[in-house]
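A.B. asks: What follows is each chain in one-letter form.
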Amino acid sequence: MEWTVLLLKLSEGMLVSVEIFTLTLLFSLPLGLFVAFGRMAKNPLIRNPIKIYISIMRGTPLMLQLMVVYFGPYYIFGLTTPRGYRFIAVIIGFVLNYAAYFAEIYRGGIESMPVGQYEAAKVLGYNRTQTFIKIILPQVIKRILPPVTNEVITLVKDTSLAFVISVSEMFTAAKAIASAQTSMLPFVVAGIFYYVFNFIVALVMEWMENKFSYFR
Amino acid sequence: MKFLEIKNLRKSFGDLEVIKDISLDVEEGQVVAVIGPSGSGKSTLLRCATMLDSMDSGELIYLGEHAVTTGADGKAIPAPSKQLKKIQGYYGLVFQNFNLFPHYSVLKNVVDALITVQKKSKGEAVEIGREFLNKMSLSDKEDAYPYQLSGGQQQRVSIARALALNPKVLFFDEPTSALDPELTGEILKVIKDLAAEKMTMVIVTHEMSFARDVANHIIFMDGGIIVEEGLPDEVIKNPKNERTKTFLSRFEK
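One line per chain: the protein sequences are P and Y, in this order. Our numbering puts the first residue of the first sequence at 172, with every later residue one more than the last. Our numbering puts the first residue of the second sequence at 1149, with every later residue one more than the last.
In case anyone wonders, no lab produced these hints; they're calculated from the structure. Hints may contain errors.
Claimed, not checked - Under the rule of at most 27 Å between Cα atoms (straight-line distance), these lysine-lysine pairs were calculated in the BS3-like manner:
hint: 1; chain 1: Y; residue 1: K1223; chain 2: P; residue 2: K293
hint: 2; chain 1: Y; residue 1: K1230; chain 2: P; residue 2: K213
hint: 3; chain 1: P; residue 1: K313; chain 2: P; residue 2: K328
hint: 4; chain 1: P; residue 1: K305; chain 2: Y; residue 2: K1267
hint: 5; chain 1: P; residue 1: K293; chain 2: Y; residue 2: K1155
Given the sequences, and given the hints that come with them, work out the whole structure.
C.D. replies: See below:
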């Protein structure tokens, strides 16, 4: 196989990986905030189910979760799923999983805030929403950027798990070419693709950390 | 006019009764210093007065308006939230650890509540903010961030932040305890200047000579009660109560 063909096939797969990556972040970053609030809720009827959800998401393989989301509707409820469901299932699986991880990172950040910040805001007359949005959140974002970077980089590599329900992202493409050509080369190239992707991710995250370095 | 009235305040944390039936009045222009050993309940008194902690029972009144009343069952009832919001504007609090907002510049720390809470225009807020920063001799620091300032400067920013909202009563919770002796002096001078301007203040402090100089009423607390109170010269120079004498003897040099 020509180099150009190899690169073209892998780039097509890469496009799918980038799609999974982007959509997952788009939905799981905000969803995680709501999950974090649920996890910190005083009401046990909200808090406990959220704890169980996080526990399952962190305690079982993402690969298995993707299978449950994709095959579950048919095998558990006897529902036939629409044609495009394969890709949707990947996104649902990734979003649910990553929201759980992000929620715990957010919770750590929020709970690490000194109580004095809330008290100062209260005495100055800020209401609860103003206190959270204006005073707490910017400081929390600064604190959680390093662990969020970790998760985002892991997500890049995790996109390869979509192969389990036959969504042909880059790694699936590499495997197909490798077995057809009986060559390891596609895997090496795939590795380079992931590395470059993550290199860019790391640059962006570093830039964001720098954006928040004006205060301590 | 009475700016602050506390009547029969009681507060417990679990089984520990921290404040046992305290009543006090603060008149307009009065400077009250609250002294006493650690664990005497003086900080809790301040936290109840500023509603950072809820009262178990008693009354809290600012300028004749009830913030907290007590029902027939003896339990404290806070006023409706609309009234509480109004009353909250009557007082300010300066913390021991400043509690500045680290992500805001000095000027923004002072003006943000004016805009967010008091709904003033940005121009008006900045004008007020600069006036108070100037008063605290911090005009050249308005673009700095809190971490770039000394402890004394940070505390002056937090005093400017409290004053900018134009409170009727200003509380200080051990305002110099996080500062070294050199910086302590600069904060004490600021508070003395405010006293000279007839700012109504309630100051929890460990600085005995300062309390004597600046306050016109001293409250000595121990074990959750007011053991002795009166004019500074009476309480600090001629304490009548044995407990007050023992406590103050450690400061006499």
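A.B. asks: Of the hints given before, which are not true for this structure?
C.D. replies: As far as the earlier hints go, not one is violated by this structure.
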